[in-house]
Amino acid sequence: QKVTVEVLDHLEHLALVDFRDAEGIERLQKAIRFADQLREVNTDGIEPMDSVLEDRCLYLREDDVTEGNCTNELLKNARQKVEEYFVAPPGNIPLPKLEERETFLKGS
Amino acid sequence: PERRNWPFQVSAALKERHVTPTELCQRCLALIKSTKFLNAYITVAEETALKQAEESEKRYKRGQPLGVLDGIPVAVKDNFNTAGIETTCASNMLKGYISPYNATVVQKLLDQGAVLLGKTNLDEFAMGSGSTDGVFGPVRNPWSYSRQYKEKSVPKSDSEDEESDWVITGGSSGGSAAAVSSFTCFAALGSDTGGSTRNPAAHCGVVGLKPTYGLISRHGLIPLVNSMDVPGILTRCVDDAAVVLGSLAGHDPKDSTTIQDNFKPFELPSLPDVSKLSIGIPKEYHAPGLSSEILALWSKAADLFKNAGAKVTEVSLPHTRYSIVCYHVLCTAEVASNMARFDGLEYGHRSDMNKSTESMYAATRREGFNDVVRGRILSGNYFLLKQNYENYFVKAQKVRRLIANDFLKVFGSGVDILLTPTTLTDAVPYMEFIKEDNRTRSAQDDILTQAANMAGLPAINVPTALSQRGLPVGLQFIGRSFQEKQLLTVAKWFEKQVKFPMIQLEEVKGHNDNVFQHQKSASFS
Numbered sequence: 001q002k003v004t005v006e007v008l009d010h011l012e013h014l015a016l017v018d019f020r021d022a023e024g025i026e027r028l029q030k031a032i033r034f035a036d037q038l039r040e041v042n043t044d045g046i047e048p049m050d051s052v053l054e055d056r057c058l059y060l061r062e063d064d065v066t067e068g069n070c071t072n073e074l075l076k077n078a079r080q081k082v083e084e085y086f087v088a089p090p091g092n093i094p095l096p097k098l099e100e101r102e103t104f105l106k107g108s
Numbered sequence: 001p002e003r004r005n006w007p008f009q010v011s012a013a014l015k016e017r018h019v020t021p022t023e024l025c026q027r028c029l030a031l032i033k034s035t036k037f038l039n040a041y042i043t044v045a046e047e048t049a050l051k052q053a054e055e056s057e058k059r060y061k062r063g064q065p066l067g068v069l070d071g072i073p074v075a076v077k078d079n080f081n082t083a084g085i086e087t088t089c090a091s092n093m094l095k096g097y098i099s100p101y102n103a104t105v106v107q108k109l110l111d112q113g114a115v116l117l118g119k120t121n122l123d124e125f126a127m128g129s130g131s132t133d134g135v136f137g138p139v140r141n142p143w144s145y146s147r148q149y150k151e152k153s154v155p156k157s158d159s160e161d162e163e164s165d166w167v168i169t170g171g172s173s174g175g176s177a178a179a180v181s182s183f184t185c186f187a188a189l190g191s192d193t194g195g196s197t198r199n200p201a202a203h204c205g206v207v208g209l210k211p212t213y214g215l216i217s218r219h220g221l222i223p224l225v226n227s228m229d230v231p232g233i234l235t236r237c238v239d240d241a242a243v244v245l246g247s248l249a250g251h252d253p254k255d256s257t258t259i260q261d262n263f264k265p266f267e268l269p270s271l272p273d274v275s276k277l278s279i280g281i282p283k284e285y286h287a288p289g290l291s292s293e294i295l296a297l298w299s300k301a302a303d304l305f306k307n308a309g310a311k312v313t314e315v316s317l318p319h320t321r322y323s324i325v326c327y328h329v330l331c332t333a334e335v336a337s338n339m340a341r342f343d344g345l346e347y348g349h350r351s352d353m354n355k356s357t358e359s360m361y362a363a364t365r366r367e368g369f370n371d372v373v374r375g376r377i378l379s380g381n382y383f384l385l386k387q388n389y390e391n392y393f394v395k396a397q398k399v400r401r402l403i404a405n406d407f408l409k410v411f412g413s414g415v416d417i418l419l420t421p422t423t424l425t426d427a428v429p430y431m432e433f434i435k436e437d438n439r440t441r442s443a444q445d446d447i448l449t450q451a452a453n454m455a456g457l458p459a460i461n462v463p464t465a466l467s468q469r470g471l472p473v474g475l476q477f478i479g480r481s482f483q484e485k486q487l488l489t490v491a492k493w494f495e496k497q498v499k500f501p502m503i504q505l506e507e508v509k510g511h512n513d514n515v516f517q518h519q520k521s522a523s524f525s
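Going down the list, the sequences are from chains Y and U. In this text, residue positions in the first sequence follow full-length UniProt numbering: the first is 1, and each later residue adds one. In this text, residue positions in the second sequence follow full-length UniProt numbering: the first is 1, and each later residue adds one.
Treat the hints with care, as some may be off.
Said to hold, decoys possible - Below, simulated PhoX-like cross-link-like pairs (lysine-lysine); rule was C-alpha separation at most 20 Å, straight line:
1. U:Lys61 / U:Lys15
2. Y:Lys81 / U:Lys95
3. U:Lys386 / Y:Lys2
4. U:Lys15 / U:Lys58
5. U:Lys276 / U:Lys496
6. U:Lys496 / U:Lys485
7. U:Lys51 / U:Lys15
8. Y:Lys76 / U:Lys95
9. U:Lys51 / U:Lys33
10. U:Lys435 / Y:Lys30
11. U:Lys355 / Y:Lys97
12. U:Lys283 / U:Lys311
13. U:Lys61 / U:Lys51
14. Y:Lys81 / U:Lys355
15. U:Lys306 / U:Lys283
Hint data in this document are derived by calculation from the structure and do not stem from the laboratory.
The task is simple: from the sequences and hints, build the whole structure.
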């Protein structure tokens, strides 16, 4: 099945990257077809594996402060900042709907 | 390390003052300049390297070197954070990014007195198997300029540019492999998620070690797939890899995925013995597309072990052919998550778009990532959608367990080490490589290396012989978890048997002097 424009649009929103052109969409289609080969494998009764170290305990370290006080260092790499804040554009504005956006998907 | 058996060659040369760290550093820097056409380095840290070399020299003068690595020039793949030196991951997203800290492995090398020459080129964000998809352009395999390759090349008729003949390094740690292969450094760090250290090692004729997941800290390695990534080690001989491993392995409180077991650096026996070993030959690694040359070498290698008294048996890892599909899903899913941090706010590229946070993020990522990265993010997000999560992501995690169990079963049946090819063919010409897209290539090229990452096992490429085209071919050994000593012992034995030839670089003739001419001095241990 082809991926619907709604799903493609949804993905662009989630990923915050765009498909840019037909090739991008075709790439996704190919990726899905490729992944579908997993269906051939019988995984009845098999538990998913998160980590190869699953048999070991995740350890805890002592709750001691060992580093920090590096505000200046960290701010150095930000393009826009004010005092000790990272500056971002307004955040409560959702991405425009499909019809209003500059996206290749509009033509699909 | 104890001072009992000082390794010979370059380290000894340094210790006995035949050459000074600054001389060594200068020669390497000069060689980097004269091999610029390889495009192996993104950043050359000339000033800091010379300073480090000077410090090292002072220590040698006092008779107090920090260890075997003191004064040894090394290079680091550009996806490791290096304080004060640009770290780009070969992406526009991180152009100009100067990290405030050193990755743990980088810090460890520096603490041992190693001289950091620079950051090596890679596929953007380590996604690829050719080292061709970074924003700084592709890396050229030094063997393209070797007498061995040129002798075997069909002479081009008239107009065809000799330049277009060059072959790829493989990837994604191609820059590191090329740097080691062309003598510009004695060891380099790569990363390995699906074969990214072993693949270019095979194509460039160097040793490429992928350690067990959890042995070496990933703190500071910009992540691709958190559950599979490991720092990789590239050197010219197995002994050197053991030395570097010794200085890097061990628990790191900053990386909770490193195991807490005590790691003891080891030296490899000078005369390894393989007669008591059981070597497994997994039949599924006779994959479609495996060149007949490599198949023959693989078979010869098996015979070598047999003749030495080892038990060599055919084994089966039935889920091998699904590892690429499984990797494809798990990798893209983890990538979708890992790449979410690049939004332009705290570091890296930031778009001028400022209508809203979301549109700024979207524009930043649109401008910063190449097609390959964006493609994987989108695919990963697809597999993680609620409606797809069970059928793709969780399914892939189950298949991962099946793959890991295959190995457990084989090792549980008494097999000590697996012997397989590393790549399907020798290095292809760049012009041919780019005809297929990145994902297709990765799927083809990772097929022999990926499963070891799936299961977290240690694996190593050992250069074996030259192909008919005069290019390196390597074979791979896969060992049990945390049994690097056994793995490297077998690798060393094999290395001694095959006596892989030294590269005869034509372009760098003028720079060959005492340090580089003799094969012995090509390593530091």
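Hints, one by one, checked against the model:
no.: 1; hint: U:Lys61 / U:Lys15; verdict: holds, 9 Å
no.: 2; hint: Y:Lys81 / U:Lys95; verdict: holds, 19 Å
no.: 3; hint: U:Lys386 / Y:Lys2; verdict: holds, 18 Å
no.: 4; hint: U:Lys15 / U:Lys58; verdict: holds, 12 Å
no.: 5; hint: U:Lys276 / U:Lys496; verdict: holds, 18 Å
no.: 6; hint: U:Lys496 / U:Lys485; verdict: holds, 16 Å
no.: 7; hint: U:Lys51 / U:Lys15; verdict: holds, 19 Å
no.: 8; hint: Y:Lys76 / U:Lys95; verdict: holds, 14 Å
no.: 9; hint: U:Lys51 / U:Lys33; verdict: holds, 18 Å
no.: 10; hint: U:Lys435 / Y:Lys30; verdict: holds, 17 Å
no.: 11; hint: U:Lys355 / Y:Lys97; verdict: holds, 15 Å
no.: 12; hint: U:Lys283 / U:Lys311; verdict: holds, 16 Å
no.: 13; hint: U:Lys61 / U:Lys51; verdict: holds, 15 Å
no.: 14; hint: Y:Lys81 / U:Lys355; verdict: holds, 17 Å
no.: 15; hint: U:Lys306 / U:Lys283; verdict: holds, 17 Å
No hint from the list above goes unmet by this structure.
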